[in-house]
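Chains as they are written, first to last, in the numbering used here: chain A, 2 to 325; chain B, 2 to 325.
If you are wondering where the hints come from, they were derived from the structure by calculation, not from laboratory data.
Fair warning: there could be bad hints in the mix.
For identical chains, the list gives no copy identity; a pair is met inside one copy or between any two copies.
[Said to hold, decoys possible] Cross-link-like lysine-lysine pairs, in silico, BS3-like; alpha carbons within 30 Å at most:
#1 K171 / K315
#2 K105 / K124
#3 K149 / K34
#4 K107 / K34
#5 K149 / K20
#6 K34 / K20
#7 K124 / K107
#8 K124 / K171
Number of protein chains: 2
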Amino acid sequence: MNEFSLIKRYFADASYVRKDVLVGIGDDAAVTKTPENQMLATTTDTLVQGVHFLPNSTPQDIAHKAIAVNMSDLAAMGAEPSWISLSMSVPELDEEWLQGFSEKLKQLTEYYSIQLIGGDTVKGPLSITITAQGFVPEQSILTRSGAKNGDWLFVTGTLGDAGAGLDILKHDLNVEDYEDKQFLINRHRRPSPRVIAGTVLRRLATSCIDVSDGLLQDVMHIANTSDVGVIINLDKLPISGALGRNVADLEQALTYACISGDDYELLFTVPEEHRTTVQTALDSYSVPYTCIGQMTGATGKLDLRLDEEPFEFKEPYAKGYQHF
Amino acid sequence: MNEFSLIKRYFADASYVRKDVLVGIGDDAAVTKTPENQMLATTTDTLVQGVHFLPNSTPQDIAHKAIAVNMSDLAAMGAEPSWISLSMSVPELDEEWLQGFSEKLKQLTEYYSIQLIGGDTVKGPLSITITAQGFVPEQSILTRSGAKNGDWLFVTGTLGDAGAGLDILKHDLNVEDYEDKQFLINRHRRPSPRVIAGTVLRRLATSCIDVSDGLLQDVMHIANTSDVGVIINLDKLPISGALGRNVADLEQALTYACISGDDYELLFTVPEEHRTTVQTALDSYSVPYTCIGQMTGATGKLDLRLDEEPFEFKEPYAKGYQHF
Chain A
2 MNEFSLIKRY FADASYVRKD VLVGIGDDAA VTKTPENQML ATTTDTLVQG VHFLPNSTPQ
62 DIAHKAIAVN MSDLAAMGAE PSWISLSMSV PELDEEWLQG FSEKLKQLTE YYSIQLIGGD
122 TVKGPLSITI TAQGFVPEQS ILTRSGAKNG DWLFVTGTLG DAGAGLDILK HDLNVEDYED
182 KQFLINRHRR PSPRVIAGTV LRRLATSCID VSDGLLQDVM HIANTSDVGV IINLDKLPIS
242 GALGRNVADL EQALTYACIS GDDYELLFTV PEEHRTTVQT ALDSYSVPYT CIGQMTGATG
302 KLDLRLDEEP FEFKEPYAKG YQHF
Chain B
2 MNEFSLIKRY FADASYVRKD VLVGIGDDAA VTKTPENQML ATTTDTLVQG VHFLPNSTPQ
62 DIAHKAIAVN MSDLAAMGAE PSWISLSMSV PELDEEWLQG FSEKLKQLTE YYSIQLIGGD
122 TVKGPLSITI TAQGFVPEQS ILTRSGAKNG DWLFVTGTLG DAGAGLDILK HDLNVEDYED
182 KQFLINRHRR PSPRVIAGTV LRRLATSCID VSDGLLQDVM HIANTSDVGV IINLDKLPIS
242 GALGRNVADL EQALTYACIS GDDYELLFTV PEEHRTTVQT ALDSYSVPYT CIGQMTGATG
302 KLDLRLDEEP FEFKEPYAKG YQHF
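Next up, chain A with everything else stripped away, as it sits in the complex:
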């Protein structure tokens, strides 16, 4: 079977269909129509087996994560997802694997109302690259660079679960309770990007990023590009029951929450005058959120506090996930 048959067979039909796609899969390029007055957000993420997912991941897990990390990037810009392109490197033509992957892909395109508009399939070690596009009005773009001294620091959902889930899979963390174990593993394998929250935060948040590399590393991306500092109240960090119940102590929980990545929650800053509006808006969409700190004038300074006292991690933890 050649590349074309492969793509045709598994991916030509593996997508939700949108009216703004004039030419879809099957030509030299896709042709799409961006609505008037909307800007286009574009992001690319590559997942490599052994680096971003474990070798025993199912094709469904891999499809889920590949889509999720890209949706999360769009969410962090306040963009509404529209189209994706998929480039896959696969070591062999495993029909069962491709079937599982493309079925999950189709389900996810329906969930996010996005269309698969093209891609490429090559032979090689398993890796998945997705380029995702979405719309955002020019005045509503969320960036990392707008945080101001005094803005409140918020995060959606809970932190650290995905890191704990990965450690369970790597046998570095033992969790007896079945439901807790499944919850944490699921948070690693099947993250839920905050697409709705991203659009809710338009014009309200002054900056936004998704937590992919770990809270401390990601908050410093905001601080450094915004020329501000940050105080994080560690006692306020949203820790799930499943994580809290299965770690040795508070410091281990805080370590997961601060250092481990892949949570795909949104971390954002809100000026005092928008604080109530943001909270009401997120409540109305049932998006969980927590205020975990405040931005300061001390450019580039990270100030960790536990019960209002300065805090330092005892271990020389790496500041987030390093790809090299």
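Could you slot chain B onto chain A? The hints should help.
Just chain B now, with coordinates in the frame of chain A:
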């Protein structure tokens, strides 16, 4: 060094800068503005070492080819290139390699007036995925599906050089003459996509594709999606002097021209009433072209002729490049 430092150091500055990029590299996604009344063409191509380029290719060669194959896809849609995203998998942090790659990348973005708007760098076997975007007015989109019975079949440039160049590098073809050898190798390593020709053909060609998989395979993409057949006059195929002088006989030259891929010329169909206009327009941009046949009403039928006689290749040549 982590992913961010890597990207920042080598790629943040490795691009031409455009005014329609509102947010470039360094945030969760890029944000760009598509001109009013223009549609967006998007294409993705992945090049893998050992499959799409030889292990001894220079970083400059790889950058060139990765950009060229994507520009060629946009050209085949009649689109004007605007932005690219780059996802790289590299086995190690080889600074000299990255330097060479990013310098060439910058030079090419300047040549095509395109901006690198984002990407991802992961650790793994060497491979390069580029997603390229470009503009095309809705009424000017060139597809594979509009060819009509009676339309003339044209191709730009010459065919078969890239295949011969690859065979020289693989020691499957011996070329003594230094200039011929370099010309053919260069056609393989540094293809010249027909971006200007693509925009010239808007509203004039009824269908268009780039020759990446080999003439016979690519013409059948047009024939099958357009529900027509095709007569190709093999004696008319544009064979470069360098190719013609260094093959054993006419059949070997025709084999390269028909079967080997990677020429990145445009193959397109033109109705009789636009034939003169197309020729004049391409002449005015100094784009070489040749009329090599005509579309027929015999849906899906490929009719090869040499000096007006039916022709069959003696060898059981594969019909174009198969990825698996």
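Status of each hint after checking the structure:
1. Proximity of K171 and K315 under a CA criterion of 30 Å is satisfied intra-copy only: 23 Å inside one chain copy versus 57 Å between copies.
2. In this assembly of identical chains, K105 and K124 lie within 30 Å of each other by CA distance both inside one copy and across copies; the values are 21 Å within and 26 Å between.
3. In this homomeric assembly, K149 and K34 come within 30 Å of each other (Cα to Cα) only across copies, at 27 Å, whereas the closest approach inside a single copy is 36 Å.
4. Taking the shortest Cα distances, K107 and K34 sit within 30 Å of each other both inside one copy (21 Å) and across copies (28 Å).
5. Within a single copy, K149 and K20 get their C-alpha atoms only as close as 40 Å, which misses the 30 Å cut-off; across copies the closest is 26 Å, which meets it.
6. Taking the shortest Cα distances, K34 and K20 sit within 30 Å of each other both inside one copy (9 Å) and across copies (20 Å).
7. Proximity of K124 to K107 under the C-alpha cut-off of 30 Å is found in both arrangements, the shortest distances being 22 Å within a copy and 28 Å between copies.
8. Taking identical chains as interchangeable, the C-alpha atoms of K124 and K171 lie at most 30 Å apart whether they share a chain (28 Å) or sit on different chains (20 Å).
Hint check: no violations occur; every hint is consistent with the structure.
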